[in-house]
Amino acid sequence: MKANSRVQTFLRDLRLPREERNAARQERRAEEVMRSQRDNVAYSEAARKAAAEAERQRWGGAGSHVGGGGA
Numbered sequence: 004m005k006a007n008s009r010v011q012t013f014l015r016d017l018r019l020p021r022e023e024r025n026a027a028r029q030e031r032r033a034e035e036v037m038r039s040q041r042d043n044v045a046y047s048e049a050a051r052k053a054a055a056e057a058e059r060q061r062w063g064g065a066g067s068h069v070g071g072g073g074a
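Going by my numbering, the letters in the sequence shown line up with residues 4 to 74, in that order.
You may find that some hints are simply not true.
Ranges between beta-carbon positions, derived for each pair [stated by the list, open to error]: (1) Leu19 x Gln40: 22 to 32 Å; (2) Glu56 x Gln11: 29 to 39 Å; (3) Asp16 x Ser39: 16 to 26 Å; (4) Arg28 x Ala55: 11 to 21 Å; (5) Lys52 x Glu30: 26 to 36 Å; (6) Glu56 x Glu35: 25 to 35 Å; (7) Ser39 x Arg18: 26 to 36 Å; (8) Ala49 x Asp16: 14 to 24 Å; (9) Glu48 x Ala26: 29 to 39 Å; (10) Lys52 x Arg15: 37 to 47 Å.
To be clear, the hints were calculated from the coordinates, so they are not data collected in a lab.
Built from N, CA and C at the ideal position, the CB exists for glycine as well.
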């Protein structure tokens with residue numbers, strides 16, 4: 004978030020009554036949490052699958068035991 008928009012948000016919130024300021028602040032925090040969870044690339048399903056596939060390739064090829072040796 005840009006510093007200028009933080010100042011604008013702060014000044015806009017000052018016009019609200021205390022209870023509404025608190026409610027607006029809590030709503031912004033909740034939205035930020037939802038946004039961070041939605042956009043969390045590190046824990047997305049595709050990222051988990053890619054990591055599992057990389058580990059599989061690193062440690063043993065096509066589902067074989069560690070070391071890659073087969074029959």
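So which of the earlier hints does this model not fit?
-> Hints 2, 4 and 8 are the ones this structure does not satisfy, whereas the remaining hints hold.
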